[in-house]
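Chains as they are written, first to last, in our numbering: chain G, 1 to 286; chain V, 1 to 264; chain F, 1 to 367.
Hint data in this document are derived by calculation from the structure and do not stem from the laboratory. Don't be surprised by glycine CBs; every beta carbon is placed ideally from N, CA and C. Fair warning: there could be bad hints in the mix.
[Unchecked claim] Examples of chain G residues toward chain F, derived with CB under 10 angstroms:
hint, residue
1, Ala37
2, Ala38
3, Ile180
4, Gln181
5, Asn185
6, Lys187
7, Arg188
8, Gln191
9, Asp192
10, Leu193
11, Gln199
12, Thr200
13, Phe201
14, His203
15, Pro207
16, Gly212
[What the hints assert, rightly or not] Quick list of in silico lysine to aspartate or glutamate cross-link-like pairs, EDC-like style, CA-CA up to 20 angstroms:
hint, chain 1, residue 1, chain 2, residue 2
17, G, Lys102, F, Glu15
18, F, Lys244, F, Asp254
19, G, Lys187, F, Asp70
20, G, Lys282, F, Glu134
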Amino acid sequence: MKAAPIEKNEARRGWCFVAPALLWTLAFFIVPFAFMAAASFASRVSRQIVYTWDLGNYVNFFSKSYLLKGLFVSLEITLLVTVISVLLAYPLAWIIAERVPKRWQRTALILAILPFWTSYVVRSYSWLLVLSSNGVINNLLLKFGLQEPLELASTTTATVIGFVHFFVMLLTLTIYSNLIQLSPNYKRAAQDLGANGLQTFWHVILPLTLPGIMVGAFLTFVLCIGDYITPQILGGNNELVLPQIIMLQLGRRADIPTAAALSIVLMLVVTLAYILCLRWLKMERT
Amino acid sequence: MNLRRVLSETFSWSYFAAIYAFIFLPVAVLVLFSFQDGRLPIPPFNGVTLKWYGEVFGDSRLMSALGNSLKVAFLSSLMACLLGFCAAYGLARFRLPATALQRVLLTAPLTVSYLIIALGLLVLFNWLGVRLSLWTVGIGHVVINLPLCFAIIYASMGEHQRNIERAAQDLGANSLQVVLLVTAPMLMPSILAAFFLSLTFSWDEFIISFLLSRFDVTLPVEIWSLLRSGLNPKTNAIGSIVFLASTVLLVVLEIFVFRARSQK
Amino acid sequence: MTADVRLQGITKRFEDFTALSDICLDIEAGEFIVLLGPSGCGKSTLLSIIGGFLSPSAGRVLIGDKDMTDVPPSIRPTTTMFQDYALFPHMTLRDNVAFGLRMRKLGRRERALKADEFLDLVGMKASAARKPHELSGGQRQRVALARALAVNPDLLLLDEPLGALDMKLRRQMQDELKSIQREIGTTFIHVTHDQEEAMAIADRIVVMNDGVIEGCGEPSDIYMRPQSIFTAGFMGEVNFIAGKVVGEDAPQIDIETCFGLTRIPRAAFRAGIPTKGESTMLCIRPEQLHPSSEHSGYTDLCQAKIIDGAFFGTHFRCHLQAPAAPELVLVAHLPQSTHLHVGETIDLGLNLADIVALPPKPPAAEL
C-alpha cells in the first residue's frame with residue numbers, strides 16, 4: 001500500500017527539477033516560435049502587424065522572383081560547400097588518424113581546428129583580406145604578371161571559400177572521431193584476408209564511416225544554410241542567400257511577417273533535409 | 001611494393017601541408033597585418049607597429065563590448081548549466097511520464113537556426129513591450145545553450161552513478177544533500193565541459209546578439225560595426241587578441257587538464 | 001591446406017617491458033595447439049607475431065619451412081579469428097565470408113558458391129543474406145570461422161574466441177571447433193586463459209607465463225605430470241608439500257617432509273633429479289588424496305582435520321589441516337558419497353606414483 005504515495009511524491013520532486021528548464025524552453029523557444037509562425041500569416045500594414053491569417057507571404061515568396069532566387073542560391077551554395085568540405089576534410093582526417101604517429105595525433109587535430117577560435121565574424125573578415133582586389137592573393141598574382149586583379153571577393157565564390165574553410169575544420173573533427181572509434185580489428189581482418197591498403201579503405205573503412213560522414217554533412221548543411229555572416233561579408237550584392245533576404249526584411253523594411261514566412265520556409269527546407277538524412281541512415285542499417 | 005608506399009606517403013604529406021596552409025592562411029594574414037605600419041591591412045607589409053593594439057585598448061566602446069561579452073557569456077552559461085543539470089537529473093533519476101517527449105522538447109532548439117530563434121524572441125519581446133538589452137541577449141543565449149548542457153549532462157548520467165547515489169541515500173543523506181554532495185561533484189567533468197562549451201558558443205555568437213541588443217552590445221556585434229568602415233588594421237588587432245587569448249586558454253587547458261587526465 | 005610452424009628464438013620487447021623471451025616451439029601440420037596462460041603472459045602477443053600483425057624484436061617464424069618473419073598478414077598463409085569477431089557490419093554474411101575470395105580475384109558467382117559452402121560447414125547457410133547485427137554472439141563467431149577458413153589458410157589463429165560466450169554455448173563451440181579442425185586438417189593455434197577449455201580441445205597445450213614457455217605437452221601430461229610449479233598451479237588446484245632430498249635408493253629417492261620420510265619413484269621428478277640436501281616441492285592434486293580407511297592400496301600421508309568443506313556435485317571438496325604441519329592447508333576432493341563433517345579427523349592417503357616432484361621456485365621469481 002505504501003508504494004503509491006511514495007511514487008507520487010517522487011514524481012512531484014522530479015517535476016520540480018525538470019520544470020524550470022521546460023518552462024524556459026516553453027516561454028523563450030516554443031512560444032516565440034508560435035508567435036513567429038503566426039506572424040508569417042500576417043501582413044505589414046503601415047508599420048503594424050495585422051493578422052490577416054492568409055498565405056499571402058508564402059504566395060509572395062513563390063511569385064517574387066528575388067525571394068525564390070534566394071532559396072535557390074542558398075541551396076546551391078550549401079550543397080556545393082557540403083560536398084567540397086567533405087571531400088577535403090576526409091583525407092585530412094584519414095591522414096591524422098592513420099599516418100600521424102599516435103603521440104602527435106591530438107596535437108595535429110588541435111592545430112587543424114585552431115582557427116575555429118578566431119571569432120567567426122573576424123574569420124570571414126580575414127578571408128576578405130586575402131581575397132579582395134588589393135588583398136594578399138591578388139597582390140601575389142599581380143607580382144607574377146597578372147594584368148588586372150581578379151575579382152575574388154564579393155562573389156559567391158568567396159562565400160563558398162569562406163564556408164569551406166570553416167566546415168573543413170568542423171568535418172575534420174567529426175570524421176576523425178569517427179575513424180578512431182572503429183575497431184582496429186576490421187582493418188586487421190581485411191588485411192588478413194588479403195586486402196591491400198586501398199582495398200581495405202574502399203571496401204571496409206569508407207562504408208563504415210559513411211553514417212558518420214552523413215551526420216557531419218547534415219550538420220554542415222544546417223549551419224551553412226542558416227548563416228548570415230559569411231555571405232554578408234564575402235558575398236556580392238547580386239546573389240543574396242535566404243538569411244540575408246530575411247535580415248533585409250527586418251532591417252530596412254521592418255517587415256516581420258515576410259521575415260517570419262521566409263524563416264519558416266528555411267526551417268521546412270532543413271526539416272526536409274533531416275528527414276532525407278534519417279531515411280538514408282535507416283536504409284544503411286538494413 | 002615499396003614505391004607504392006613512398007608515393008602514397010609523399011602524396012599524403014603534401015596534401016597534409018597544403019590543407020594546413022589553406023586552414024591557416026587567413027589567420028596568418030590576420031595576425032601579420034595587425035602589426036601593419038600603414039593604413040590598410042594588405043600587402044605590402046611596411047613594418048611592425050603596436051599602434052593598432054593601442055587603439056583597440058583605447059577604444060572604450062570595444063572594451064566595454066568585450067566586458068559585455070564576458071558578462072553575458074558567463075551568466076547565460078551558468079544559467080544554462082544550472083537548468084540543464086536540474087533537467088537532466090530530473091529526467092534521469094525520476095520516473096516521469098512522457099520522458100521521450102520532454103527530451104525532444106529540451107533538445108529541439110539545437111535543430112533550429114539561430115536566426116529563427118532570434119526572430120522569434122524579437123517578435124515576443126515586441127509583443128510584450130520588453131526593451132532590448134544585454135538581458136534579452138542573455139535569454140537568447142540560454143535558449144541555445146540549454147539543450148547542449150542538458151544533452152551533455154544527461155548522457156553522462158548512467159546506472160553506475162545511480163548506484164552511488166543510492167548508497168548515499170542508504171547512508172542517510174536526503175535528496176538535496178545527495179544532489180549537492182554526491183551527484184554534482186561526481187558529474188563535475190561533464191558539467192564543466194558543458195559550461196565551457198556554452199561559454200564558447202555564447203562568446204562568439206553574433207546573430208542573436210545583433211538582433212536582440214540595442215545600445216550595449218557584445219564584442220562580435222561591435223566588431224561587425226567596425227567592418228562597416230572597411231579594411232582596418234584595428235579589426236585585425238582585436239581579432240588577433242581574441243584568437244591569441246583563446247589559443248592560450250586552450251593550450252593551458254590541454255596541458256593541465258587533459259594531459260593530467262589521460263595520464264591517470 | 002595445412003603446414004607446420006617453427007618458432008625460433010622469438011623475443012618481443014616493448015618500450016618499458018619484455019613481452020616474450022626466446023620462445024622456441026615446433027608445431028606439426030594439422031595439430032590443434034592451445035597457448036594457455038594468465039593475462040599478460042604474452043600469448044596474444046605471440047599469436048600476433050605468428051599472424052604477422054607484429055614484428056618480433058628477435059627470432060624467426062617459419063611456416064612450412066619458409067621464413068615468414070617479415071611477411072605482411074595479407075600475404076601470409078594465415079588467417080586470424082579475432083576476439084570481437086570483426087565481421088564487416090555493412091556486408092551480408094555471404095559477402096563477409098566471400099571477402100577473402102574477392103581479394104583473390106574470384107568471380108562473383110564462384111565466390112558466392114564457395115562462401116555458401118563454408119557457411120554450410122558452420123551451420124549458417126540459411127542466414128547467408130542477413131547482416132551481422134542480426135545474429136547472436138555464437139552465430140557471429142561461426143561466421144567469423146567460416147570467413148577465416150574460406151581462403152584455405154595453412155594456419156588458423158584463434159584469439160580467445162570463446163571468451164564472450166556462456167558456459168553451455170562455449171562447450172558446444174569447443175566440440176564444433178575440434179570436429180571442424182579434424183575434418184579440414186588445418187593447423188589451429190588457439191589462445192585462451194581457461195585451462196578447462198585448453199584440455200577439452202588441444203592436441204598439445206603450451207603453458208606460458210611472463211613471456212616464457214613453462215610447459216608443453218598433451219593435456220593429460222601437462223595436468224598429471226607438469227614440468228614447473230607454475231604449470232602445476234595453473235592447470236588446477238594442487239597441494240604443494242616442501243621436502244628435502246635425504247638419500248637415494250635407486251630407483252627411488254628418499255624425501256623428508258613435514259609428514260616424515262617418504263620414498264618416491266625417480267619418475268616423479270619431471271625437471272631433473274636434485275642431489276642430496278637440495279629441496280624439492282611435491283605436488284599432489286586434490287583428487288589424488290583419498291581417505292586411507294577406504295582402500296588398503298594407498299600409502300598413508302597423514303592424519304588431518306577437516307576445517308571446511310562443500311559439496312560440489314561430483315565430489316566433496318574440503319580443506320584439511322594436519323597437526324603434523326599446522327601451517328599447511330591441504331585441499332582434497334573426496335568422493336561424493338562421503339559423509340564427513342567439519343571438525344572430523346580422517347586419515348589421508350595417496351598413491352606414490354601420482355606424486356610429481358618439481359624444483360621449488362626461487363624466491364625472486366615468486367613476485
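Verification of the hints:
Given hint, Ala37 (chain G) at the interface with chain F, is violated; its Cβ is 40 angstroms from that chain's nearest Cβ, farther than 10 angstroms. The beta carbon of Ala38 (chain G) comes no nearer than 45 angstroms to any beta carbon in chain F, farther than 10 angstroms, and the hint placing it at the interface is violated. At about 16 angstroms, the closest approach between the beta carbon of Ile180 (chain G) and any beta carbon in chain F exceeds 10 angstroms, and the interface hint on this residue is violated. Given hint, Gln181 (chain G) at the interface with chain F, is violated; its Cβ is 13 angstroms from that chain's nearest Cβ, farther than 10 angstroms.
A distance limit of 10 angstroms between C-beta atoms decides the matter here; for Asn185 (chain G) the minimum to chain F is near 4 angstroms, and the interface restraint holds. For Lys187 (chain G), the shortest C-beta to C-beta distance to chain F is roughly 9 angstroms, which falls under 10 angstroms, so the interface hint holds. About 6 angstroms separates the beta-carbon of Arg188 (chain G) from the nearest beta-carbon of chain F, less than 10 angstroms, and the hint is met. This hint holds: Gln191 (chain G) has a C-beta 5 angstroms from the nearest C-beta of chain F, less than the 10 angstroms allowed.
The interface hint given for Asp192 (chain G) holds, since its Cβ lies 5 angstroms from the closest Cβ of chain F, which is under the 10 angstroms cut-off. At about 3 angstroms, the closest approach between the beta carbon of Leu193 (chain G) and any beta carbon in chain F falls short of 10 angstroms, and the interface hint on this residue holds. Here the hint on Gln199 (chain G) is kept, as its CB sits about 6 angstroms from the closest CB of chain F, short of 10 angstroms. Hint status for Thr200 (chain G) relative to chain F: holds, with the closest Cβ pair at about 9 angstroms, below 10 angstroms.
The closest approach between the C-beta of Phe201 (chain G) and any C-beta of chain F is roughly 13 angstroms, which is over the 10 angstroms cut-off, so the hint fails. Annotation: interface hint on His203 (chain G) holds; nearest CB of chain F at approximately 7 angstroms, less than 10 angstroms. Given hint, Pro207 (chain G) at the interface with chain F, holds; its Cβ is 4 angstroms from that chain's nearest Cβ, closer than 10 angstroms. About 13 angstroms separates the beta-carbon of Gly212 (chain G) from the nearest beta-carbon of chain F, more than 10 angstroms, and the hint is not met.
With a CA separation close to 15 angstroms, the supplied pair Lys102 (chain G) and Glu15 (chain F) stays within the 20 angstroms bound. Annotation: proposed proximity of Lys244 (chain F) to Asp254 (chain F) holds, straight-line Cα distance about 8 angstroms (limit 20 angstroms). Between Lys187 (chain G) and Asp70 (chain F) the CA atoms are separated by roughly 19 angstroms; this keeps the pair inside 20 angstroms, and the hint holds. Taken as a hint, the Lys282 (chain G) and Glu134 (chain F) pair is honoured in the structure, with Cα atoms around 15 angstroms apart against an allowance of 20 angstroms.
The structure fails hints 1, 2, 3, 4, 13, 16 (numbered hints given earlier, in ascending order).
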